[in-house]
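The residues making up each chain are set out below.
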Amino acid sequence: MTESTQVLTEHTRSEIEEWLKKYPEDRKQSAVLAALRAAQHQNDGYLTTELMDAVATYLDMPRIAVYEVASFYSMFETEPVGRHSISVCTNISCMLMGSDTIVEHLEKKLGIKTGESTKDGKFFIKVEEECLAACCGGPMMMIDHKYYENLTPEKVDEILDELE
Amino acid sequence: MSEDKITIEVDGQTFSANKGQMLIEVTDANDIYVPRFCYHNKLTIAANCRMCLVEVEKAPKALPACATPVMEGMKVKTKSKAAIAAQKAVMEFLLINHPLDCPICDQGGECELQDLAMGYGQDVSRYQERKRVVKDKNIGPLIQTDLTRCIHCTRCVRFGEEIAGLREMGATGRGENTQIGTYIEKSVTSEMSGNVIDLCPVGALTSKPFRYSARTWELVQKEAVAPHDSVGSNIHVHVKANKVKRVVPAINESINEVWLSDRDRFSYEAVNSEDRLNKPMVKDNGTWHEVDWETALEVVSNSLQVLIDSNDTEQIGAIASASSTLEELYLLQKYIRAIGSNNIDSRLKQSDFSDQDDAPAFPYLGQSIAEFDNLQATLLIGSNVRKEQPIINHRLRKAVLHGATVSVLNSVDYDFNFPVKAKTIVAPDMIPLELASILKAVIEISNRDVDTQIKQSIDKATADENHKAIAAQLLDADDAIVLLGNIASSHPQFSLLRSLAGLIAELSNSKLGYLSENANTSGAWLAGAVPHRLTGCKQTDAGMNTQEMLKARLKAYILMGVEPELDCYDSRIAREAMKNADFVVSLTAFRSDEMNEYADVLLPISVFTETSGTYINNEGTKQSFAGAVTPLAEARPAWKVLRVLGNYFELEGFDYQSSTDVLDEAMKQIGSIEGDNSSSWKLSGSINNSSNGLQRITETPMNMIDSISRRADSLQKTSDVSDGAIHINSALAEKNKLANDDSAKVEQDDNSVTLKVIIDERVADDCVLIQSAHPEQINLGASFGEIRIAKS
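Those protein sequences? They're chains A and B, same order as listed. Residues in the first sequence are numbered from 1 upward in steps of one, following this note's numbering. Residues in the second sequence are numbered from 1001 upward in steps of one, following this note's numbering.
Note that these hints are calculated values from the structure, not bench results. You can trust all of the hints, since none of them are fake.
What follows is a list of derived Cβ distance ranges for each label pair:
{"id": "1", "chain 1": "A", "residue 1": "K109", "chain 2": "B", "residue 2": "N1138", "range": "37 to 45 Å"}
{"id": "2", "chain 1": "A", "residue 1": "T48", "chain 2": "B", "residue 2": "A1739", "range": "25 to 33 Å"}
{"id": "3", "chain 1": "B", "residue 1": "Q1128", "chain 2": "A", "residue 2": "E107", "range": "29 to 37 Å"}
{"id": "4", "chain 1": "A", "residue 1": "K146", "chain 2": "B", "residue 2": "A1085", "range": "49 to 57 Å"}
{"id": "5", "chain 1": "B", "residue 1": "K1131", "chain 2": "A", "residue 2": "E79", "range": "20 to 28 Å"}
{"id": "6", "chain 1": "A", "residue 1": "G98", "chain 2": "B", "residue 2": "Q1122", "range": "39 to 47 Å"}
{"id": "7", "chain 1": "B", "residue 1": "R1126", "chain 2": "A", "residue 2": "K155", "range": "43 to 51 Å"}
{"id": "8", "chain 1": "B", "residue 1": "T1044", "chain 2": "A", "residue 2": "H41", "range": "32 to 40 Å"}
{"id": "9", "chain 1": "A", "residue 1": "I92", "chain 2": "B", "residue 2": "K1131", "range": "27 to 35 Å"}
{"id": "10", "chain 1": "A", "residue 1": "G98", "chain 2": "B", "residue 2": "G1020", "range": "54 to 62 Å"}
{"id": "11", "chain 1": "B", "residue 1": "K1131", "chain 2": "A", "residue 2": "K155", "range": "40 to 48 Å"}
{"id": "12", "chain 1": "A", "residue 1": "E79", "chain 2": "B", "residue 2": "A1739", "range": "34 to 42 Å"}
{"id": "13", "chain 1": "A", "residue 1": "D120", "chain 2": "B", "residue 2": "E1776", "range": "48 to 56 Å"}
Just a few of them, taken from the derived set where beta-carbon distance is under 10 Å, the chain B residues facing chain A:
{"id": "14", "residue": "E1168"}
{"id": "15", "residue": "M1169"}
{"id": "16", "residue": "T1172"}
{"id": "17", "residue": "R1174"}
{"id": "18", "residue": "T1178"}
{"id": "19", "residue": "G1181"}
{"id": "20", "residue": "T1182"}
Just a sample of chain A residues kept apart from chain B, beta carbon distances all over 12 Å, derived:
{"id": "21", "residue": "E15"}
{"id": "22", "residue": "K21"}
{"id": "23", "residue": "K22"}
{"id": "24", "residue": "R83"}
{"id": "25", "residue": "M95"}
{"id": "26", "residue": "E116"}
{"id": "27", "residue": "I143"}
{"id": "28", "residue": "L160"}
Predicted, not measured: the structure shown is a model, and the values here were computed from it. We put the beta carbon where it would ideally sit given N, CA and C, even for glycine.
Throw the hints in and build the complete structure from the sequences for me.
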């Protein structure tokens, strides 16, 4: 079964190892969130069953326990998605500042609805359920790990154009 | 103790309770009903269904009885306005998403949700929105999912983690999208998986074989004993219109608690199998004719009478399955001995009988099944206990979770569902040396004095750290046991293994136990269905054992519940003996092509649900049961067949009115059943220093154990069946240039067959694992010994 961890890259494994150092040896599963994050990152933003199985093997956890974690947290994608994950905050503060226009603009520009990915696999507009805690800069969005605040449709165009 | 006791008041009554107990345990113990879905007394507390909310004085809100520890002076109201209002509110939430498909739901009639909805539900739903729908997943041939009905109590999830020891189901997703399931499309593989059907309080997990075949209120419940392992799990057989519809566990805390293995739960399908023999049949010049019982029995008596008249009764051999009842085995041995032969045996998979005179009265477990919970150390020899005796394995697992250690000596690295302390995987012919080394370690550490002859015999062995660790575990424990499993008892040097294990147990103050194979192995020994002992362990001139009877190619065989080519130690010799015999009569519930070929008379007998009878399990508990249904067509209970056969031979003492008469007579001779495995151990046979070439290992997969489980369709769709392949590790495969799925020429003695290769790293080096009871490998022969493989 150890071969199954081979799908994790050297870099992912060393990252998991770093996290494992922070927890007692018999509590390996404490590193599951960090491990899944690293695994998702190596795979352009989403997890596959093989990756989750590899994490399970690596951390001595039942596979289903890893599936449970991955499917519970909204920051993990378990279906293929575009490699840039765009989350537009639509909670109350951002909404008052015009986040609806931003979502509408994004959807129109990319030709997809929230929750979908572009055909070229470049962009994914995530259904963002929660406030992203940047109310003073609303409307705002997060692309991959980065926050972009005080958005206007023009600014959104600029930001997207700069992405690979 | 008294300071641990406190007093609480529930619904105006005062009860004494233990500190730390949960409220629901106290109400349950005192017959005060509190509704619940997620709470189960064998599982940990989840407190997620909230159905058990009760009012507790001074608490601002209703509290869940399952997760509220009792406190001195606590005043609880389970049926107050506030409690009922809370329970009704929870019920309303639960019903929001529950479909109204009770009329087509198999759980209907025995559904906890349905019952409680009657008591606590509203007549009208205030919910107008769409209900949630969950797509069904196929999780294998045994369990049907209807997860739209799931209320997320997580009993099945907790069962997997806590009881089955194999977490296969989980709750994925979150909030309203939470789903119970396996996430990926996969079959659940636990040998105890069927228990989630009982645990599920709604119709989300139901029995796949039983599906849509009856409504629960049409079923009549009959008590019975499970026939597939030596545990004797208590079961309820559910019957409709004289047909067995399903089997569920009956609670017996000292044996199976509330659980049942899948084999015991689903084997009933074979009872209604197409292979069932309906009528007595006689072969005449190679063609089979259905005849009446009289004609069939006349043919039997005439054919055997010829041998009796010519003083050739030594040429008659009786081979019986140890899954037969005590009454059947007693009568068969009485009959065969009355006509003048001691050739009777029920030890089908054994090959070394050399110390049978020193064997205990019956292969005793060494302790009671319940005592497994308290064990501190176990040495398991030649056993895949998890698949062979799932309930014993469950008990053993419980002990391990409480801190017990288990060491394993096997030829295949079986997957245990608990941590194993020390593991030694060697070829079968090296097991004696390993045991001798452990024995040596025990002697060294304990400093006990032993016979010089014993010392000399284990001279070649050297105790390394591993052996010493195992020895120390046994010696350090106050309660330890050395267990011989099914693979040990069919080992060609069984008597040597037994003595070594016995000495290890004796010198380490441990118990010695046998994990015997069949439901009535103990009963077979006590009834005298062994060639060297009469009923009640009385010595007699030994007749032939199974192996001798088959090797001797007798003129006549009487078979009872046996398919020799599938059930015996040496399948090839068994088949040849049958084909070569002048006369074979088979008392059998099923027909097979093989049987059609070698038998001369087929007498249809009842299966376990159709006969009254008695099993004695491995701890020595005698359990009698009545037939749940009348026998199929013209099949008859085997005890009746044997009684009438006795009458045909005008033998004395065959005038029983009921199976109870037979039991009474047998028990009078058996007396009280007391297990005792002690012996004055001698070491006979040589301890090999190095392995002899390539070795065959034979295991019997869980669902291939007897003619019933082999015909249970759903069990046959699981992975616990024979695959007709050779299992070798990659080192051996490389050596022979074999890869997965290749065909290999497999040779044993002068016989060869071609079998598929499966690379299986669990198998010891230079060993070939073959699963028994598969038609492809019958021609090979003995279960153990040298074997050769090559690419074909």
